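Taken in order, these protein sequences are the chains called A and B.
Counting the first sequence from 1 gives a position; my numbering is that position plus 4.
Counting the second sequence from 1 gives a position; my numbering is that position plus 49.
Since the hints were derived computationally from the structure, they do not count as laboratory data.
Misleading hints may appear alongside valid ones.
[Said to hold, decoys possible] Simulated crosslink set (SDA-like; lysine to any residue; CA at most 20 Å straight-line): (1) K63/A x R108/B; (2) K130/B x T155/B; (3) K63/A x K130/B; (4) K233/B x S113/B; (5) K142/B x E158/B; (6) K206/B x K85/A; (7) K48/A x K206/B; (8) K43/A x R108/B.
[To be verified] Label pairs and their calculated CB-CB ranges: (9) S75/A x L132/B: 15 to 23 Å; (10) S75/A x Y278/B: 35 to 43 Å; (11) T207/B x S75/A: 34 to 42 Å.
In this text, all values refer to a predicted model and were calculated from it rather than measured experimentally.
Where a beta carbon is used, it is the ideal one built from N, C-alpha and C, also for glycine.
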Amino acid sequence: METNANDMSCKELVELVTDFLEGALSPADRRRFELHIVKCDWCKIYIDQIRLTIKVAGKLSEDSIPPRVQSELLAVFRDWKKG
Amino acid sequence: MPTQRTGDMASRAPTSAPPVSFRTSPEESELLAALRRGDEAAFSRLVVTHHNALLRVARLYVGSHTVSEEVVQETWLGVLKGLDRFEGRCSLKTWIFQVLINRAKTRGERESRMIPFSAMFDAQSDPGEPAVDPSQFNENDPEWPGGWMTQPRDWGKTPEQVLLSQELRAVVQSAIETLPPNQKEVITLRDVQGWTSEEVCNILGVRETNQRVLLHRARSKVRQILDQYFAAR
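Just chain A, same shape as in the assembly:
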């Protein structure tokens, strides 16, 4: 395997995952990042872990609103309407 000083290491990659997912890497770093994951299945697993973390966090906002709260707020709205 040929490696050179410009190659991204796994240790460096884990610090750049967010910048990568946010599209905030410089073109040069983005290229180094992409070259790394072509060769490194373990970093792909790591990135999948981060993606899953984001996905599960997103599930936390799926709770519904209790009907009691809905009707209380509608009462507030009606009061406001009356002025």
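Starting from the known structure of chain A, arrange chain B on it as the hints suggest.
Showing chain B alone in chain A's frame:
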């Protein structure tokens, strides 16, 4: 900010009609008009869309769920009272959350809590922890210097019902609770509520780079805690 200037000019325009919005989308302008004429269905939609998020965000600044409920109730009232003055310099959503955060911070200060200001965070002066424990990497590997010592756990092999379970959500929720306030603020808005970085930067008054660093640290930490959970299963 150039957009600010547009808004100022609009507010000085001699008109008795509600101010025209510049930043709001057509759907939002319609919603605003409906709210202003007292359309209950429109208000219900707004409540369904934002209520839980408001509670979640309020809870970042105040000490109990009960107080956050009070703050959200006050926010809805404040929003209704301010509707006619709302000029659409920002989106309706941004405005509602600004009202909330101002109130929640005031309440939090009164409770003499430390208020999290991610706006005051500076990535340059705060190096933070590495995303992954450095002992997981082998600096001396001749072929892959700084490469993984062992393969990261493949969560992808976890059955779907576990991934969607209440238990796993609880793990993530409590992991978020352990974060420093400024990281909690950012990950809650970005990943839990699914806001864009632009929205988060606007509402929290944080620079984009700093927002990204906070998000990175928060996600890395939550990932670590999730990984420990998967290791113990």
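Quick rundown of the hints versus the structure:
1. K63/A x R108/B: 18 Å, holds
2. K130/B x T155/B: 19 Å, holds
3. K63/A x K130/B: Violated, at about 33 Å.
4. K233/B x S113/B: Roughly 16 Å separates the two Cα atoms, so the pair holds.
5. K142/B x E158/B: 24 Å, violated
6. K206/B x K85/A: 54 Å, violated
7. K48/A x K206/B: 14 Å, holds
8. K43/A x R108/B: Status violated; Cα separation ~44 Å.
9. S75/A x L132/B: 15 to 23 Å: 21 Å, holds
10. S75/A x Y278/B: 35 to 43 Å: The hint (35 to 43 Å, Cβ to Cβ) holds, given that S75/A and Y278/B are roughly 38 Å apart.
11. T207/B x S75/A: 34 to 42 Å: Given range 34 to 42 Å: holds, Cβ gap about 40 Å.
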